[in-house]
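*Asks:* Chains A and B, in that order, give the protein sequences.
Letter by letter, the first sequence follows residues 1 to 209 in this note's numbering.
Letter by letter, the second sequence follows residues 1 to 330 in this note's numbering.
The set of hints was computed from the structure by calculation and includes no laboratory data.
Don't be surprised by glycine CBs; every beta carbon is placed ideally from N, CA and C.
Incorrect hints may have been included.
As the list claims (entries may be wrong) - Covered stretches of chain A (in silico footprint by chain B; criterion: 3 or more residues with CB under 8 Å from a CB of chain B, positions within the stretch not fixed):
#1 41 to 49
#2 197 to 204
What the hints assert, rightly or not - Straight-line alpha carbon distances no greater than 25 Å define the calculated SDA-like cross-link-like pairs of lysine to any residue that follow:
#3 Lys208(B) <-> Arg116(A)
#4 Lys30(B) <-> Arg189(A)
#5 Lys23(A) <-> Ser222(B)
#6 Lys111(A) <-> Ile236(B)
#7 Lys30(B) <-> Leu108(A)
#8 Lys235(B) <-> Gly105(A)
#9 Lys235(B) <-> Pro59(A)
#10 Lys208(B) <-> Ser183(B)
#11 Lys235(B) <-> Gly101(A)
#12 Lys23(A) <-> Asp11(B)
#13 Lys111(A) <-> Leu176(B)
#14 Lys23(A) <-> Ile283(B)
#15 Lys208(B) <-> Asp122(B)
#16 Lys111(A) <-> Asp11(B)
#17 Lys235(B) <-> Asn113(A)
#18 Lys208(B) <-> Pro59(A)
As the list claims (entries may be wrong) - Pairwise CB distance ranges, derived in the manner of DEER restraints:
#19 Leu33(B) <-> Lys23(A): 30 to 38 Å
#20 His206(A) <-> Asn149(B): 46 to 54 Å
#21 Asp203(A) <-> Ser155(B): 37 to 45 Å
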Amino acid sequence: MYEIIGIWVGAFFTLAIYSFLYKENPVYRLAEHLVVGISLGYTMAITYDVVLKPRLIEPLLAGGSWILLIPALLGLLYITRFISSIAWLSRYPIAFVLGTGMGVGFPLTMKSNVLRQLEAAMIPFYQEGMPWHMVLGNVVLVLGTLAALIYFFFSKPHKGFFFGTGSRIGIWIIMLGFGATFGFTVMGRISLLIGRIQYLLGDWLHLIE
Amino acid sequence: MNIWERMLNIDRRWIFLSIGVVSIIPFLTKIGLPVSTTEEVEDIFTYIDSLGKENAIFISFDFDPGTQAENMPMGVAVMRHAFHNHVPVFLTAYTPLGHGMAGGALDYVTRPSTPGYYTSVDFDEWADIRNAGITDRDELEAAWEEAGNVLPDDSHGWVFEGRDFVYLGYAPLFHLVILGMTSSIETQYPSDAHDNPLSEMPILREHKSLREVDLAVTTSGSSACTAWVIYGREKIGLPVAFGVTAVSATDYYPYIQSGQIIGQMGGLRGAAEYEVLLQQNGITETTDKAFTGMDVQSADHLLIIFFIIMGNIAYFMGGFHRKKQLKGGR
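So that you can see chain A by itself, here it is in the shape it has in the complex (with noise of 0.2 Å):
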């Protein structure tokens, strides 16, 4: 019963969301509101369920893990934003969260993705026994690449040989990559309708399998 009431309060605030195409409403404005409120309950109930309680409140009511009230301060500190006059203690919990954030995480960042890419942006155009679409490859990678930097390279002006044709390379290049990146877009935007329309024919009308 109640997966069935779930169903129609779904089907429902989907054609909600969708009359927004013919225009704005305000059977939409609910929806729209819902959702935001919606996904902030449910994400604090789920933090306090599955965070707070078995890894906070529990260890402390057994006892022993006294520890834990440092960090539970910590975090309490971000709560003083919402007073103006200690308003600034709620830098500490940003600052050790920020430092160690980028202590722990510059380095490995950096080798991730600056020095690997550095690296397999730096490959022989050509091997023995390399078929010809990969010798193309290589070549269209390395050369795009550079000419691409060179596009955004602003200390010289984009005249001459060099930085004028390849800046104009780069810019193709550049383009090349939006016009994927765009197919891929309205790919994934019809996906999303997809699944909406799987639930409504599917889950709400059992008008497909």
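Use these hints to put chain B onto chain A, whose structure you have.
*Replies:* For chain B alone, coordinates are given in the frame of chain A:
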């Protein structure tokens, strides 16, 4: 206003309506256009297919309901593959909303109303067998059936909680949780989402940290997937595979080129490819929701291409490329 101007100033609601109609018809007519598979999806399939009960994988539900249509079929398909090969699975989530997504995927795969479902055995239900010291996957199944349990005819097999899977769910600051799990999974998750203690689970005794895990598949609707590369791959060399939304697929191809991930499922298409591979290799009898949606995807793409061509014809035939502004002010 001539015909070209009218074409360029068409009320966009007609376009929405035509997309809506074209999106519904293929579901009812079931065209069944073929879906070919790509190397980046085949690589994930082949890798998981080579694993067995002595290995383990993570499937991380790093997305919110907003991208459920794309990401959920990926997680479901990989989970089915792992269950079929008895590969132990850890289910995690990057966000609180992803916690529900992971639970939803597990529920879908083990729900009797789902075609080709797996029959789930709760952790407490097989406590007696566990306490008798039987934890090997094959011996466990034999002991379970000897105890009088019969697998339903339409079920694909048993999956034992704590042996075949563990639903860990969400933990805050998940990128640091990944980092912590490189040393110990249990310190990051003392209990699972069903409040079962991890210390008693055979899956945890054999795979104590990410160093003893063979793959992490992250299904992600944001940049959360990169956390697995940064903190898992770069820290301990954990093999990682991506299942990302179509919108962000192009952003992550460089990770394939650099060898940081073994493969990538991009959008609904990537999920459909995995479903096709499951069916072609006899792991499932039929494909699932992602494949069903591909007819609609193709039909919608054809319609959008038609609109783009018609828009360009109207633009150039009407001579608007020589004018600064269209008459409708657009």
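*Asks:* Against each hint, give a clear statement of whether it holds in the structure.
*Replies:* Hint-by-hint comparison with the structure:
no.: 1; hint: 41 to 49; result: holds (count 4)
no.: 2; hint: 197 to 204; result: holds (count 3)
no.: 3; hint: Lys208(B) <-> Arg116(A); result: violated, 28 Å
no.: 4; hint: Lys30(B) <-> Arg189(A); result: holds, 21 Å
no.: 5; hint: Lys23(A) <-> Ser222(B); result: violated, 29 Å
no.: 6; hint: Lys111(A) <-> Ile236(B); result: holds, 13 Å
no.: 7; hint: Lys30(B) <-> Leu108(A); result: violated, 48 Å
no.: 8; hint: Lys235(B) <-> Gly105(A); result: holds, 11 Å
no.: 9; hint: Lys235(B) <-> Pro59(A); result: violated, 30 Å
no.: 10; hint: Lys208(B) <-> Ser183(B); result: holds, 8 Å
no.: 11; hint: Lys235(B) <-> Gly101(A); result: holds, 15 Å
no.: 12; hint: Lys23(A) <-> Asp11(B); result: holds, 12 Å
no.: 13; hint: Lys111(A) <-> Leu176(B); result: holds, 17 Å
no.: 14; hint: Lys23(A) <-> Ile283(B); result: violated, 46 Å
no.: 15; hint: Lys208(B) <-> Asp122(B); result: holds, 21 Å
no.: 16; hint: Lys111(A) <-> Asp11(B); result: violated, 50 Å
no.: 17; hint: Lys235(B) <-> Asn113(A); result: holds, 13 Å
no.: 18; hint: Lys208(B) <-> Pro59(A); result: holds, 22 Å
no.: 19; hint: Leu33(B) <-> Lys23(A): 30 to 38 Å; result: holds, 35 Å
no.: 20; hint: His206(A) <-> Asn149(B): 46 to 54 Å; result: violated, 32 Å
no.: 21; hint: Asp203(A) <-> Ser155(B): 37 to 45 Å; result: violated, 22 Å
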